[in-house]
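Trainee: Spelled out, the chains give:
2 protein chains.
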Amino acid sequence: MQEKLDELKHRLREVYDLHGAAAVLNWDQSTYMPKRSAPIRARRLAYLQTLAQEKFTDPAIGKLLDDLQAYGESLPYESDDASLIRVTRREYEKQIKVPTTFTAEFGEHAANSFSIWAAARPENDFATVQPLLEKTLDYSRQYSEFFPGYDHIADPHIDRGNHGITTALVRELFGALRDELIKLLNAIKTQEQVEDSFLYRHFPKAQQYAFAREVAQQFGYDFERGRLDETHHPFETRLNWGDVRITTRGDDHHLGDGVFATMHETGHGLYEQGTHPDLDSSPLQSGTSSAVHESQSRLWENRIGRSRGFWEHYYPVLKDYFPGVLDDVSVDAFYRAINKVEPSLIRVKADEVTYNLHIMIRSELSIELLEGDLSIKELPDAWNARYERYLGVTPPDYSDGVMQDVHWYAMLIGGTFEGYTLGNILGAQYYEAVLAAHPEITDEITRGQFGTLHNWLKTNIYQHGSKFDTAELTERLTGGGISIEPLVRYLHTKFGDIYQL
Amino acid sequence: MQEKLDELKHRLREVYDLHGAAAVLNWDQSTYMPKRSAPIRARRLAYLQTLAQEKFTDPAIGKLLDDLQAYGESLPYESDDASLIRVTRREYEKQIKVPTTFTAEFGEHAANSFSIWAAARPENDFATVQPLLEKTLDYSRQYSEFFPGYDHIADPHIDRGNHGITTALVRELFGALRDELIKLLNAIKTQEQVEDSFLYRHFPKAQQYAFAREVAQQFGYDFERGRLDETHHPFETRLNWGDVRITTRGDDHHLGDGVFATMHETGHGLYEQGTHPDLDSSPLQSGTSSAVHESQSRLWENRIGRSRGFWEHYYPVLKDYFPGVLDDVSVDAFYRAINKVEPSLIRVKADEVTYNLHIMIRSELSIELLEGDLSIKELPDAWNARYERYLGVTPPDYSDGVMQDVHWYAMLIGGTFEGYTLGNILGAQYYEAVLAAHPEITDEITRGQFGTLHNWLKTNIYQHGSKFDTAELTERLTGGGISIEPLVRYLHTKFGDIYQL
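Sequence lines, in order, name chains A and B. Mapping of the first sequence onto the working numbering: residues 411 to 911, in sequence order. Mapping of the second sequence onto the working numbering: residues 411 to 911, in sequence order.
Note that these hints are calculated values from the structure, not bench results. One or more of the hints may lead you astray.
Since the list gives no way to pick out one identical chain from another, each pair is judged satisfied if it fits inside one copy or across any two copies.
Calculated lysine to any residue pairs in the SDA-like style (CA-CA distance at most 25 Å, straight line) [as the list claims (entries may be wrong)]:
#1 K473 x T862
#2 K465 x T511
#3 K419 x E722
#4 K759 x D416
#5 K599 x S691
#6 K419 x H519
#7 K465 x T513
With these hints in hand, go ahead and build the complete structure from the sequences.
Mentor: Listed below in structure tokens is the structure:
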């Protein structure tokens, strides 16, 4: 059995060496690549991904998994080897359903679509991307058909990034949460608005990055195994265990992304850097789902980075980075400003109350597109109508409307947004769990100390990589299932206080 | 036939997509990669290269080449398709002779040898690397045996990077050139030395790079299809036709590499950017040999970048980048300083007269090692004796002596140095040819204009990629063979003037 296990690991290492190589190409594409490299880069990325998929879906791996099945089940469930056999089997069964020709074709289309969107968005040019989106939708519906027997056409998509989560569960959770959020938002709208104009003073972005770098390091992000670079649309990427990179963006005239997007990506980076090195170059290596991943990025960005306690310690530090600029602003005023609730057009700039409404719009529209109830042509109007209904705002153009996010232009339609709100839900649940175990964390944060929190997350979540799926992990951490109650409690407490509800 | 040709092109594209992906990983490794990524990055690079070699030596490619042989010969020699079939056949025949097990084994040994050398060099510790070099020499002799029928054991090595060049030709050219150089050097030594201490003032390297960037752009390097980044050991790398990157390094207290290494890599970059885009992702895509490549880097760096005419235009520009620093230095004094001839220990810092002597020492010793006339144990003494004999200097230690260059410690012994001096020889020949066709170039350079020169090089050299080998190209450009006369003439004129010989 050892020999077969070794062969399985060897084959998986080759697969993940190809994924890791593709990750370098992808990172480069989003940071330093000259524009005119785009077409061939797209082809090469697609080719590496095809090779990886071919190697992963090689029948020899299926045979090895068959041979190792009983052995895997004889080992402790949590052990590396049992988990490797179990999770590889699960992913293998999914991937063999998707033809490599599909992946190659779609990969090339997606990379191409991405470059065209990047050029068309500033031009507010939906007409150019419309046919690309139509093709993407065709690919997305086709993808579902590789998984016959689904309950809902969006299920295979949601399951792709969040194993075991169904469209039905998403609708149930999101429906209940939406009602709560709209109620809270309406209550806030009746209150006096928060003053945040001082956040639009002159904050050179290089200084914002320098401050954020200091915070990231203090959170526990290891710069010897990572980097921080500037990009268009911030992301975190794992090249290997020793190389987990984050990116950010900033605006000299807004104290915003430069700090908070960096914290967000740091949260993702902490998760990947915290996985056990023995899991590297295998299906266990990474965070288990987009929902759990987002629970971490949002936890570090919002629960920590936008908390009153954090700024207790860090507000004076921040002011040192921008001498004189915030001298007339108290820490309380600053805290309220960075938590201002205001229905707006842009998801990534949204506050904690409205953010999930942005996600729900995208999730609902994706599902309707897949169902066939909505066409790409109708999408811009549907987008605008939904914004009006949930948030009371209407995009004046496509750039800040339907063309705002990269997702539909670089990935399949479906399953790519749900993780954000599921992540907020889970993050609140997990944070309640960690506070129950270590109530001292609240105080530590006010001293700029994050070790207890980081260690708990590492021990209980990060190190496991993908050993446990979202439901299993949530059960281990909370003793129950996914529940919106902790998030609703948290939002009511925090914003009830800020807006004196 | 068209179908077979298409299949050949498709297979070659996959091979070169893997090479191109490896080039991204390699560029990243030398520029931005976090240190702790190193071990896995090395494995992934090796894996991509193995995959590329496996795909290139696939018997299916041999079969296609057999089937296409007659067809290729029926087409015009210079046509893309005839050239593709001919050059692919040539490279295929070479590569199938080398077993993949040899490549893998030697690759592992070389990586190991490299890291031990990197640690041992600062310690001046030759004893530690000696057994590794002995093993490398065994591998190198073994490599030659894969090519039975050679005239000289070094032939297969020299042929590797410079198709068609033989050891006999190298010895003939280098022997004659060596005598000329030693004579010239001895004459220079009797003259008053050139003052260059002002080159060691404060020249912030970021400003050196900014100036060099301006020059590179004016030479014709296209930053929309390239980048300039900082690294330890400058190099140029082709990721694809739309992405040819150069790197440089600098020292705040020496106006040197920051400017001249950038010009050198720009020369390589112009060659690769100037290849015809239709040749991309095939064995024809790149510059034809290390010698012709080096002819271009040295031409732009030395014939242009260290010429009196160039600084006529650019010296005021340079001074603007470093306000006040060179106010007391005339353009004549500056020109002499950047062309100071001085026998030294370090190849990469050598001037145009002594540089080739450094190369000849390495070439001669490599050949003697391969022949068996010299043992690795005797190598340090042989190195020092040769430095004394040719340059009149003796290395005080191994670090700046026999352990100075990475080549022997990371590659096969043989064939890795000759291209540098062959490049200088060819560069002088080609420059005579271009001046004969366009005597106005001399004036244009004094006005900071390089279009005529760049266009001639593009039309006559760059666009062809690897269609013609070194001898064919030289015949096309000069109507004859490789000759040292133009280089000797150039050096006598230039340095005769500077040193008033």
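Trainee: Which of the listed hints are not met by the structure?
Mentor: 1, 3, 4 and 5
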